[in-house]
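Q: Using the sequences and the hints given, assemble the complete structure.
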Amino acid sequence: MTSASITASAPSAEFRAAGTDLSERRRSGVSTGPLIDIPPAPDTIGVTWDADGKLRIGALSSIAAIGADPRIAATYPGIAASALGLATPQVRHLATLGGNLAQRSRCWYFRDPHIACLKKGGTDCPARSGNHLYGVAFDLGPCVAPHPSTMAAALLAYDAVILTNQRQGLSIGDLLGDGSSGSSDHALAPGEMIREVELAAPPQGERALYKRAISRSHAEWPLAEVCARAVVTAGMFQFIRITAGGVAPVPLRLAACEAALQGKPASATTIAEAARQAKSGAKPLPMTAYKLDLLEGVVRDVLERLAR
Amino acid sequence: MSTMTINGRLAPLPADPDALLVDVIRDDLGLTGTKLVCGAGVCGACTVLVDGAPVVSCLMPARAAADTSVTTVEGIGAAALHPVQKAFMAHDALQCGFCTPGFVVEAAAFCDSWRKHKGTATPSREEIGAALSGHLCRCGAYDGIFNAVAAACAGQFDGGEFISPRVEARAKVTGSARYTVDIRHEGQQEGAILRSQFAHARITELDLAPARAIPGVSAVVSLLGDDRMVRFVGDPIAAVAARDRKTAVAALAAIRITSERLPSVIGLDAARQPGSPIVFERSNRKKAANVSEGTPAPASWNGNVRGPSTAFSHKAKKVRSWLAAARDARNPWLVEGTFRTGAQSHTCLEPHATVARFDGDRLTVHASTQSVFHVMELLAKRYKLGHDKVRVIADHVGGGFGSKGALGIETIAAIELAREARAPVRIAYDRREEMSVTGYRPAAELNIALLPSAQGDLKALSLTAYADTGAGTNSTLAALARLIYPAEAKELADYDVVSNLPPGAPFRGPGGPPMAFALEQAIDEAALRMKVDPIALRKRWDPNPNRQRLYDWAAGLEVWRNARTAAAQTGRYRRGVGVATGYWLYLWQPGVKIELKVAGGRLIASTATQDIGQGSRTVIANTVAQEFGLEPHDVEVRIGDSDLPEGPGAGGSRSTASVVPPTLLAVQKLKMAIEKDAKRKPPAGSNAPWREMIAASPDLGVTSVRPEDSKPASSEVRSALKEAGFMGMIFGWMLRRFSNLAVGAGAPSSVQVIEVEVDTWLGHVRVLKVHTGIAVGKIAAPALARSQATGSVIQGLGYALYEARETDPRSGDVLSAGMEDYRIPGISDTPAIDVHFDEAGFDHVLGGSVGIGEVATVPTSPALANAIRNATGVRLTELPIRPDRLMAALKGRAAA
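First to last, the protein sequences are chains A and B.
First residue of the first sequence? That's 1 in the numbering used here, and the numbers climb one at a time after it.
First residue of the second sequence? That's 309 in the numbering used here, and the numbers climb one at a time after it.
No false leads were mixed into what you were given.
Here are the computed lysine-lysine pairs in the DSSO-like style, where the Cα-Cα straight-line distance is at most 30 Å:
{"hint": "1", "chain 1": "B", "residue 1": "K1199", "chain 2": "A", "residue 2": "K211"}
{"hint": "2", "chain 1": "B", "residue 1": "K426", "chain 2": "A", "residue 2": "K211"}
{"hint": "3", "chain 1": "A", "residue 1": "K283", "chain 2": "B", "residue 2": "K1199"}
{"hint": "4", "chain 1": "B", "residue 1": "K839", "chain 2": "B", "residue 2": "K623"}
Just so you know, these hints were derived from the structure itself, not from any lab.
Remember, predicted model here, so these are calculated numbers, not experimental data.
A: This is how it looks when you write it as structure tokens:
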């Protein structure tokens, strides 16, 4: 599809990849505008390994395929584990990487067809003054819903580069914004769609993990989630990268946490102190202080396993 | 036109970009084994294979299936049953069966892949749990599902021989069982209900004409009451019927409403404030829904607060003075606290649904109901029709749990639309309706004070309960504390706090679980302070003979004997053990009839009851078969049809105790009749004498009525209501007079011991094992009773740990209106469950069996909270014990 044919559509048109987010909003009446099915194209499905070790993942690749790819699991274990940790097997078979990044909020006010909110053209956020049990603990913008994309948090940890049909070289930050926009879940222009995600080769000896805190065992949107990469040599954190999802309007890089670990011994004490830094910059809402406890706990869990 | 191949046949796909695969499969192709439940990819009931991979057809656009090969449950065992299907049948891995097709499709794909890669190795619980993590079962059949999938993968069901303990299991695992939502008559119209978007308003004008003018609309009716008020978001206003759902929804949008908005009040705390907006003026109080099964007794009102109902108090003044003195004396054994429980949604996987049709003056209603016979009676009365002119049918019911016991507005609307449309009309609630307006177990605040005497007896108990009943009344929580743990004095007060929320409804042991959450934690706390073993203290305070035996069993468990001595734990993971007790009333329905006949050489048992997953078909088949020395499948059981002889509702755990005694009487009568008419006796030494006599018998029939019970041999076996003296007798009389329920002697009882591991970093509770001891008499269908017991525990764990109905505090909208935000337990949340049946105690009941459904879920939440207290030293006083609450409690912070 050419960009010309897309821009000819009304701005309210929504792209549909597998529809695992959109179908529910169509049925409930939250989404009523025109639909554009993204046509499958060879370069948007599947993975390509470049000679320099770079990985390119087509935006229509399924989450299940990403999670099941042994080379991805060996090279980018944080990506594979994130893919296997989200949704359910039957959703992962359908859902695509691009769709996961561009999906809309799971906020229960946004999903209620009878309630106005910022993301549906309303003038205020009903969750902020209402029930925001699953809201953000880093209050960075007018809308208090956490960003729903697990893959975005993982790709942020890997400094992934996004290619769209209109732009190249986008970071996750460019794609999703800084959380200050209450009205959208991504910064794609009308008619713009994700085509490909690029990952640079990771450093030698790197390990990575993904973990989410939920109330049940499986199949639940994260209360807090963490993707972390580390190179530990001679008992020291030589390289560390930690990102978090489920706690802010956009995935966050936990820079204070990283600073407390970089070049430090991979000891329980260092890790416990660094995990406390995960809350750095947090602004919890009245009902979401618990998410900071969980975030600290998930960071600590992941770091202890990486240090082993 | 694009096409797909489905179960080996080519099928066209619609051009509509919004058409979803599930709708094409169910509506266009009539393959109704695939179920639509959550519509959000959460529950997996709609799972089908697309090119061999399991996907959720409720989210998959139909056009995306072009040129693929789709397999539904009907295609899984088309030639011969798949090993997974046989294993589900043999391990009773199902109850109501509504989730079963989705589970079977996924498990078959998992099993095939497993066999290809791992041969006949047995997968672990973790592997099975992860593979089935996209499926939810509300009955909680997970224990059987684990066993079934493991056995099928291990090759145990490759052969043909197996026994299925549930008589209708084959229909459920193959998708051929027809539920109300699956009924399709010629010319059937689709109905939908217009609901209030305001929490409180008077509808001043309702113009239905624009809806009627829409092509394809066949009927439009008003559902407003005479006061034209709506009192909660979702209150019904009008209904339409049209050729399809899309047209019906468009017609709803065309209805013009003018309304006068009124001030509203939402929830327990706001509605208790003096001067809060009034939901029911004095003249309209009778419009409040009933959140219990019994008829409401009179009570006073103060604003939105109805109560106190104190009939079960005993020397209340003494309680007050003793408690005051104990407080003054700083009596260390005085336990006082406030407990809060969440609102629990039934979350039936089959939504409330009705298909109504008129054939001349005869009305036939297919309804997803817990009571075909009673609903027939109510409809006959409402529409002034003879019983012979109304027929209510429910072949299979996809869960009820108390929410489908009454005559619902979906049934009334479908009937009125069918009459106007002169065509059959179906109304099936969408998931948002099902999770919003079909009732719930009300949230509650319980203030408790428990005072032991200096000698260590139970001296006084005070329990005051405020139930968050929405636009309903008649909660009974505190009163239930009268019927266990006798004390010198008890002060028990129940309040309904009415607000502009949808009304609550009876839910599995109404009032029992929240009462037990407070009482059983108070007992646990008393035991800690008195330095007495918690089981020993219960044994001392609770003389009930059924529970005395269960306490002995629990005290003998290895985990109980070994685990209570652990020193204070400080690590990340902390383990603990807790115990709690529950009881329920033994109820049975007078007037229940069983017809038993020989027809064409075959036994047929009939009664107008229905099976919502509890297994009544099987209970009747087993009972008859056993008496004749036959196999259950030799007996045809006809239920689910109000044209059959009067049968019991499936509520109040009454089914087994109502059907087994008349079945046994009918068997005696039929045996006599067969012998009398027999031309020759079977040869001596025949090992199946009755089989031959039945085969040779002319057609014969007998009918027996549920007899009164005999007098128990022991004076200790008496009705639980006897604990409440004269008021208990009155209550029992009212229940029989107005609700057609008899309270029998003996208390169905349950004692649970739960082992947990608390992750103090992630606020997560892992339930390691549940030991559930149950005394409900003789077990009529052992495999199914075990399924009921484990399912009750799993639902109780959901109540304890995950389930919370959340509402917007201003608008009154239900926020947890989908299965993503309303969290029921999944298979991986299911611990190992050890079930112990104590079969004594009900010898005065013919057959010796009473019901199990409710009692087994009562003690779960307090047993779990007591285990967490044992593990962490922290007492959790609010349900559900989610990560937010657990983290707050561990950090000594007030939860939001």
